[in-house]
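Trainee: Take a look at the letters that make up each chain.
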Amino acid sequence: MIYYLILIFFLLLLMIGAAIYSIVQKDLLYAVIGTGLISLVLSVLFLLLQAPDVALTEAAIGVALTTIIFIITIRNTVRFEDEVYQKKPSKTEAK
Amino acid sequence: MVGSPVLFIAVPLLAAFLIPLLGMIWKESIRILPGLVLLYMLVLAVTLLGQVMHTGTIVEIIAGWKPPWGINLVFSPFTGVLATLMIGMGFIIWIYSYRFKNVDFEEAKKYFILFMMLVTGSVGIVLTGDIFNQFVFIEITSISAYALTAFYKHRDSAEASFKYLMIGSLSSMFLLLAIILIYSQLGTLNMADIASKAHLMKPEFKILAVIFFIVGLGIEAEIFPLNGWAPDAYAQAPGPVGAAFAGIVVKAGVYALIRIIFTLFDVSGTHQFLIVIGLTTLIISEMAAIRQERLKRMLAYSSLGQMGLVLVAFGIGTEEGIFAALFLLINHAIGKSLLFLSGSYLVYNSADKYINETNGMGKFLPITSFLFALGALAVVGMPPFSGFWGKFFMMSAAAHANMLLVIALILSVSLIELVYYFRVVNRIYFYKKESHIEPKKPTVNAVIAMVTLGVIILVIGFYPDVISGYLHQASQALLDKGKYIQDVLSTGQLLTH
Amino acid sequence: MNQILEIIGMVLLLIGGIFLFLGGLGIFRMPDTYNRLQAGTKATTLGGMSVILSVGLLEPGWFIKTLVLVIFIALSNPISSHALARANYKRKNYPYLKGGKEYDKYREVYQKEEEETA
Amino acid sequence: MKMKKILVISLLAVFGVYLTEALFKLDFGRQFFQQGVKDFYLVTTPMKLQVANVVTAIVVNFRGFDTLGEVTVLFLATTAMGSILYKGRHQLGERAVLFSGSRIVTTGSRLLFPAIILLGAYVFIHGHLTPGGGFQGGVIIATGFLLMLMAYADYSVSHIVLSVVESLAGITFATIGLLGMLHGGSFLQDFLPNGSLNDLLSGGIIPIIYIAVGFKVGAELTGLIYTALNEKD
Amino acid sequence: MNFTLFDLKIIEYSFFITAILVIMIGLYGALVKKSLIKVVIGLSVFDSGINLLLISVGYITSGTAPIFSPALVKDMPLTLENIKKLSAGMVDPVPQALVLTAIVIGFGVTAVALSLVIRLYRHHQTLNIDEIKNLKW
Amino acid sequence: MEKTTSPGKFTRFVLSWLILFVVWLMFTSTLAIQEVITGLITAFLIALFTSRFFTCCDFSIFSPVKLFYIFNYFFVFLWALITANLDVARRVISPKLPINPGIVKFKTKLTSDFAKMVLANSITLTPGTLSVDIIDDTYYIHWIDVKSLDPEEAHKDIAEQFEKILLKIF
Amino acid sequence: MLQIIIYISLGFIFTGIFFSTLRFIFGPTAADRTVALDTLTTIAMALLVLLSYIFNRYIYIDIALVYGVLGFIGVLVIARYLEGAL
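Protein chains in written order, with our numbering: chain A, 9 to 103; chain B, 4 to 500; chain C, 15 to 132; chain D, 869 to 1101; chain E, 4 to 140; chain F, 6 to 175; chain G, 1083 to 1168.
What the hints contain is simulated information worked out from the structure, not anything from laboratory work. Be aware that one or more of the hints could be misleading.
[As the list claims (entries may be wrong)] Below are the DSS-like pairs computed for lysine-lysine, each with C-alpha atoms no more than 30 Å apart in a straight line:
1. C:LYS115 - A:LYS34
2. E:LYS88 - D:LYS870
3. D:LYS893 - E:LYS136
4. B:LYS156 - B:LYS486
[Claimed, not checked] Some but not every residue of chain D turned toward chain E, in silico, with C-beta under 10 Å:
5. THR888
6. LEU953
7. ALA1021
8. VAL1025
9. ILE1028
[Unchecked claim] On the chain G side, residues computed to face chain D include the following (Cβ under 10 Å):
10. TYR1140
11. VAL1148
12. LEU1152
All C-beta atoms, glycine included, are put in the ideal place defined by N, C-alpha and C.
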């Protein structure tokens, strides 16, 4: 039984930690990966709370789609929180 | 039965899904179809309203499950009046924006879809009898509103829209929290069922739920501390959309708030709370309005003030007060929409939309200017126009309820309104036009829409009895909580297969 | 028969757990991204596969579904680790080399590409 | 600026403590209410509707109207995104051909793509038997297309096809609702035979609606991702 | 194999506390942070917290998922008593249905918000909320 | 999008229909008649528009010799996977981290894309190696403990055992 | 016996998650963090399957499958972004 206690506490702490991480982190990419981690933990927690449908939805939307949309936004804007505009190198140069 | 209330939702949704398909074949259909749908809805609404006034509330159940198990739509006199008002305003604004210039096909398609869904979402908020369903409709309305606010590709419009979105999505999450609290206590989501069981809730949960509801719905209803988004959104959105916000969206927000306070919970003190919050909103907004340099922002603050007035009228809590509030709502919807529609032609070609750019427009745009003045007089409450009756009824209601302070405040606020509207009208008629501004002639459909609104103002102003019969029934329907519960919960047998 | 399957399942479960643990430890201890990928991918692939397969063996009715998962892991894990390794190299995070620069043959290609585009 | 932070934190702390205290009066794991709607759902779903997954039955049948609204929200989000972002996108080759993935990624994607689409189809066809349903299936299908977009820089999705699929699926949903109205008198009413529990063909209109939703969500999200991805500077 | 979970009181409360903490963290991010993307991240964290709260409100101790799968109804005829007996051990399905809708709606709002962020960045060349202040905030 | 040297349209369609149907059966893991029919229809529809991505092989994959080699490959691969993991375990646990990493290259004789991918994946999952890139015929492999920088010897050490079998299959 | 082994296995899995999380927090580059996420995805898949065995519900395995597919694509997207090719 104690294992389940540890499991649940561990997951809950991990979720809080990931939430704090994704709010505090200055690098927006890491923050977004942090939200992915939140969704990962949340998905397992939903399964523990016997909500498989919701776990599936959270896995689908939280892990993949939201992360992807955020990353596309970061691609189109800036990666760091304090960054002001600087001309991005054009794509052919980057290669 | 001529038709059922669910068609108010189903037909526009069907049309919204159909428009992209039809647009590929026939380009003009993207403009015409929304109008046809809105016209159909208007006809349906008027017919149903007439029926409801005689036979009593229509409760439409969905998916064959009787309440509280299924979702239901309630077309009572009260909701019916509001829904008809919204659909009518939607139709008139559609006429106004039929010839949207300077936009290409794709943009126009998106505009009309979003506009139609804005109207549909608002109607859904009013008609539905289920709090979670109401949440869904609020989201539909909000997303359309965000997109429409950012419709012009100015930089300020994106900013206003983002601001609106932030506040709006925070509010919708508070709404969700409130729904959680209610469900965890009562195990039901149906409004009538909640109302009948509300006494079972633990008091601290009830208060918390009411607070969350007020925070969540206050955004849409633009009550005082939560209305920071409104002036920017009104000012940055295209003219007809600003009119739709004033005429449609706010009404839905006010309805939801009123429904929560009057029907769902009977927490003591909420009526006083409504009066206090309404007066605060009223005074602060009118003070802000008088300082504005730009036309649309001024109209927006004025609109906030009017909504405060409506909340005060609801807060009086007697049947007379609610009657006055409904009258004010209708007057505000028509008058403020007319102001937005005509005002956006008055400052059409200027970049900053300052008030002094309307100088001397009276000569160049006679019809538009006249209608603007008419709308201003109606909103202020000058005697022969519709606004007068609203304020008159409200003051008599307040007098009967012994709220003399309220009367004094209303009078002084009317004075402030008169001052700032007079400032604009004065500029329109008695100043010289600034040479660099090229006035833009309104298109035919815009004139038709505006004249229609003007005629309605005059008709209501001279014959208030046209609508007062409906409104009396509506206010009775709102106050009679027991009948609402009974109407909803006794609907239909449990349909089985 | 069932007994045997159960015993195999338990052994696999234990092995899988250990390897999952080793994968975590591996990505924690290794000095640079490539080595982390090496440890992480291999250990978690085998670990995940054997845990999932053990469940399939313990509950024979589930075997086919678990097989799908196993095949999927075997297919997708190397691809994603490859993509990560390549991306990391393109970001100019060169591997940790004990023996000096000539141990990195990929750098030549990369430099040639750079010269061509410049 | 420091002041604002402190103010917000203290406000949040007060709010959080109050909320927590209130929630502690709820018994976790026990239900406060005696007669909620859930008992009816739990009994009616397997008995009358012959649907195994009660959540699906609630989402599609009892509260199907919400689902219609939800689909509309996604539709509006896609429309809004198209309206908000700049024009001048959708130009092929804007994401340069040079940036196609390596041989391993492209080949792997080709291999996995049909399987992922099949997984999406499986999820939404079995929505009433297993966890999952139209939305999840649609998301999986959209990510399948995303995989191809990731692997090949010049892979393109036809906007017209997406739009047609989306419209047809939406129309199907609304039409099923109206058919229910014609048949039984109320919108979205179940008008098909129910079959028997845990068969694939059971649950009346639920599988049909979920298939429509799956197509619609898949097309919508693919369009959304494609729009965002081809947004250029 | 029949494990019963959540026997200890402490676990029961820890779910609520976590959900509320996550809500608070998200709200803090949405209200205080300067970067627009960070604000949207805050919103989505807030959303996750609310979803967790909703689901844990619907949980019933040692309940199982509300799915009458073949393995569950295998040996019994589908009579009313049997179904009632089975459903007594199931968690509340309604919050799950609500959360399904809420997650999808939250995603839609996030998508719109992010496209607005992209547009604001085009106009202002920055994501800092302090510098995007043409209108008074 | 590049063209592949895969078989004709019809072959690809039938094969992907077949494979998708098998995958469907694995998903549902029943043989109930409704599921099977639905699976056939679904697989058909999906195969209609995804068969152009089909890349692996043609009908000759079902010949007994090739099947035998596939079987053989499976065991070789499994053994390599297990030794790889023991190897990783040894390295991770030992406190000194005995590594000497580097990236080596070698050329392969395989021609088809699919075979190259299988080889790369196998290399990633075998002891101490991780495929970083393939450019035409050249593999670039990150090697955790470089034994030789010479392409020939690296090829022999890393890939030969798999390549031999893969050449027989594809 | 089986229970004990499950406990031991779960313990190992948690330690694995713990170390991956540490790498996630400390990882100096974005790629390191993504490696941690990738590892976590696989571990979570195994954990989900194990949990479905513990709860004895066959249908929960679907979640692991869907989770694996989407996690894989998510990692691939991050990798492509880091590569500069998104």
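Trainee: Indicate, hint by hint, whether the structure satisfies it.
Mentor: Results for each hint:
no., hint, verdict
1, C:LYS115 - A:LYS34, "violated (34 Å)"
2, E:LYS88 - D:LYS870, "violated (58 Å)"
3, D:LYS893 - E:LYS136, "violated (44 Å)"
4, B:LYS156 - B:LYS486, "violated (49 Å)"
5, THR888, "holds (5 Å)"
6, LEU953, "holds (5 Å)"
7, ALA1021, "violated (20 Å)"
8, VAL1025, "violated (17 Å)"
9, ILE1028, "violated (22 Å)"
10, TYR1140, "holds (9 Å)"
11, VAL1148, "holds (6 Å)"
12, LEU1152, "holds (6 Å)"
Checked against the numbered hints given earlier, the structure breaks hints 1, 2, 3, 4, 7, 8 and 9 and satisfies all the rest.
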